[in-house]
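Participant: First to last, the protein sequences are chains P and A.
All residue numbers for the first sequence refer to the working numbering, where the first residue is 5 and numbers rise by one.
All residue numbers for the second sequence refer to the working numbering, where the first residue is 10 and numbers rise by one.
These are calculated hints, taken from the structure and not from any lab test.
Hints are supplied without guarantee of correctness; some may be wrong.
[Unchecked claim] The following label-pair restraints were derived from C-beta to C-beta distances:
no., chain 1, residue 1, chain 2, residue 2, range
1, A, K68, P, G136, 46 to 54 Å
2, A, T62, P, F189, 52 to 60 Å
3, A, S194, P, K92, 41 to 49 Å
4, A, V164, P, R104, 32 to 40 Å
We treat Cβ as the ideally placed atom computed from N, Cα and C, and that holds for glycine.
Here's the letter readout for the chains.
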Amino acid sequence: TLCASVPQGSGSAVIDMENMDDTSGSSFEDMGEMHQRMKEEEEVAAEAAATEEDTDYGEFLGMKGIKGQLGRQVADEVWQAGKRQASKAFNLYANIDILRPYFDVEPIQVRNRLIESLIPVRMINFPQKIAGELYGPLMLVFTLVAILLHGMKTSGTVIREGTLMGTAIGTCFGYWLGVSSFIFFLAYLCNAQITMLQMLSLLGYGLFSHCVVLFVTYNVHFHSLFYILWLVIGGLSTLRMVAALISRTVGQTPRLILCGTLATLHMLFLLYLHFTYHKIVEGILDTLEGPNVPPIQRVARDLPDVATHLMNNTAQYIEVH
Amino acid sequence: MAEADESNKPLFAGLADVSISEDIPVEGQITVPVGPPAQDDEYSTLDEPVKDTILRDLKAVGKKFVHVMYPKKSSALLRDWDLWGPLLLCVTLALMLQGGAADKKDDGGPQFAEVFVIIWFGSVVITLNSKLLGGTISFFQSLCVLGYCILPLTVAMIICRLVLLGGTGTVSFIVRLIMVVASFSWSTFASTAFLADSQPPNRKALVVYPIFLFYFVIGWMVLTFSPSPTAGP
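Excised from the complex, chain A in its bound form (with noise of 0.2 Å):
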């Protein structure tokens, strides 16, 4: 009975001043009614023409490009983690290590679904291992950062094709090499600027070995991609 006109004061204010000695505990459950939430953003971004989500979305990936070039300490790709540049990336760079091998038989350049699965599952690994270390990033943050960090890596596969046209000798060996061996060190580089805040100090070195063998591999099958089976490093 006390309990209920404590719960019921505020319609019953004034009535009469009932006083509850403090062991009673009261409990109970007062619902504040929701106001209403902010329906109209959700609907407008709904019946917008689809050309504006695209657009917008392809500039906040562009924007993380960016940063991801100049790479300074802003929390800016944590902050809107997307995954949409990585997977952008990851099928760019898969197409492009496809047009390998001219006899199909004696293919020994990376599949689609191998280059895919290396990516994503090496991404994955260290973000575990990360977590697991005693990092403060989650799990999509890191994903989002690792898969970014692809971008030195992709363009210098462009950038191999173009040489590649021009001959498959040393010199060509030579200028591959630098572009990937330059643009691996870009991406680890960048990556540890994202992901190394988010260790404890003592254990970056943890934490930056993996990405480094994981960016490894993938300089690597930029690398020894030869758009011939017989013309090899």
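Only chain P is shown next, with the shape it has when bound in the complex (with noise of 0.2 Å):
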């Protein structure tokens, strides 16, 4: 044991002559020892007189203080060691690391992929093959956002509480993690192959076609178009991800629910995105300036009365010739 005092003002140190061991018995190496003891409890101590009063700080240290060179090492010390903790610390929990190679891909891999999401696969005895990235599906829903913001701002969307913006981030990632987690949680339940990331990149890059759809019917305001547009590509983008379900799902009864639960969920979903904002710009462009975009009730009258209209057309044409 050492036991050392640092007297106020003076740097000589007490040592307790027990540990010495012997040595050969020569002075200079007593010496030397002695001089390393000395350095070594100068610095315990001032690291222990580091975590005291500050009142003290000065006193404690001898020699000039917080702004003696020793004052200077210690608080060198005492800031590496906070350093060294708190980048521990932030490495342990926001270390992004984790996510890295979910994001390694190549631009070309992105383009096939978004691709491929509209062409169903029909192999399904032998489990498809889902990439597991979570760059195109992250993209893929921040495009969704911006135009569903085109779509709101368009509309004349009036959100009471709450933002614009944040409705809209809301309902895309929502939706997203959401669905995926639940029909993830439906796979657990039907003994599926798949895992959290394959089904967040499957439902993601399902959402290309969502993407595609709102795209060209926020800007051309015809409800046939919209349906027609959202059996096709819609309805490609539910085949190809059902079948990729399918192949890896064992059993009549499972893949009926799970992949009856997830066509559901993806066509209501793009037929809601739409049917919200139209509602809207129906009411109030009525109330304004007559309606520019038809209302759904009229459409079904509107479209007899272009085919009656095309027939007697017709009908002339051939009547004349």
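Combine both chains into one complex, guided by the hints.
Facilitator: So, in structure tokens, the structure goes:
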């Protein structure tokens, strides 16, 4: 044991001779050891002092207090220790390197996967390969948010509680994360071979169809066009996801449950996104200037009118010639 | 004993020459006294008048504005990054997007907090994305660049408001559209000039797309700003 005290104003130390193991007897070795121990004690005492009250700081450290060389050393060491602790905690919790492998893609891969998300694959006897990446889905969700904003603006949506941007982000991310988790949970119940990452990726790429359909129909306001696109493009994307899931599930009933749920949610989401922002524009425009966009009930009447009009014209044309 | 000698050699040099065989590990700490740091500099910037500090910071911010308006491949923006400029631009843009709807109940314009959150949250997401794709730029440097490159859109916002004072017809809409498209492309181009160098070459497109989306959303907010609820695009 070493006991040392650093008395005020002087740099001497009292060393317990107990620890002096037998040296060869030469005096300078003892001196060397004593000097070494003195230095260590000074440092230890200084460090111990550094963690005590600040009021006694100057006196404890002896030479010149906080401005002195020892004070600076101590401050430096305290800073280093603190930095080490903080960076350890940061590296543990905020380590984005965990996500790094999921962003390891090339642009050409992303493009191929976008196109493939609209092409159903018929092989259902062998598990289909689903890419586990998060860059594409994340970018698609943000693109959908941007398109939704555009739709909300042109439809003059009024959000009472909350903000436009908040609603858009909440809807899109909520759908992506929420429905993925729900289908993953169902897949777990139905014993399907799919991981959460693959589910996120699959559903995320399925949003490509939503982006395309909404982008077109928010700018070209034809209800019939929307229905056609909804069935064709939405349907293709649903079939792709459904086929991928079927290939990884065994048994008729689990397949039915899983794929039915996914198909329903996917198609209904597109329907919801389209019609939520159209109802409002019909109301406002009707009161202001007369409808630019025909409301839903008028389309059904217009189409037969167009059809009869067309038929009449064709009949007249045939009569004439 | 031998170890103590070795570390005290400078003090007792000349007394005896003790050599240690190589397989005995010598450990211990030799603390070199730290030389006096540049304390004088710290005190001098603390003691200077506030006007000097503000002017110096404003000059730094102004210099970076110039760099954004004429984007060359310089590293000034990256080297001395600061977040004053982005904060200034963000607040200005958010304030100008405020005076929108005359009727507060029908407020379809973005709230102040909304613009703030979009800009900062968007910048954070883009930064994380570029780091995850293997970028070599640090977090705050990227925030700094993205924030400063909002400058063209802020200028466009000012001009749009001036144009809107003159009327809200089709001509004004076309003028505003051209302004916004030009400034949005300028912003995207400027920020890619700074950020794309830090990416591996074949992944530049993956980094540029979110930046494009980000400035597109801000540009969209600028374009669809209308001073009264009945006149919209």
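Participant: So, for every hint listed, does it hold in this structure?
Facilitator: Here is what the structure says about each hint:
1. K68(A) / G136(P): 46 to 54 Å: Holds - the Cβ-Cβ distance for K68(A) and G136(P), about 49 Å, lies within 46 to 54 Å.
2. T62(A) / F189(P): 52 to 60 Å: For T62(A) and F189(P) the Cβ distance comes to about 57 Å; the hint holds.
3. S194(A) / K92(P): 41 to 49 Å: Cβ of S194(A) to Cβ of K92(P): about 44 Å, so the range 41 to 49 Å holds.
4. V164(A) / R104(P): 32 to 40 Å: Given a distance of about 37 Å, which is inside 32 to 40 Å, the answer is holds.
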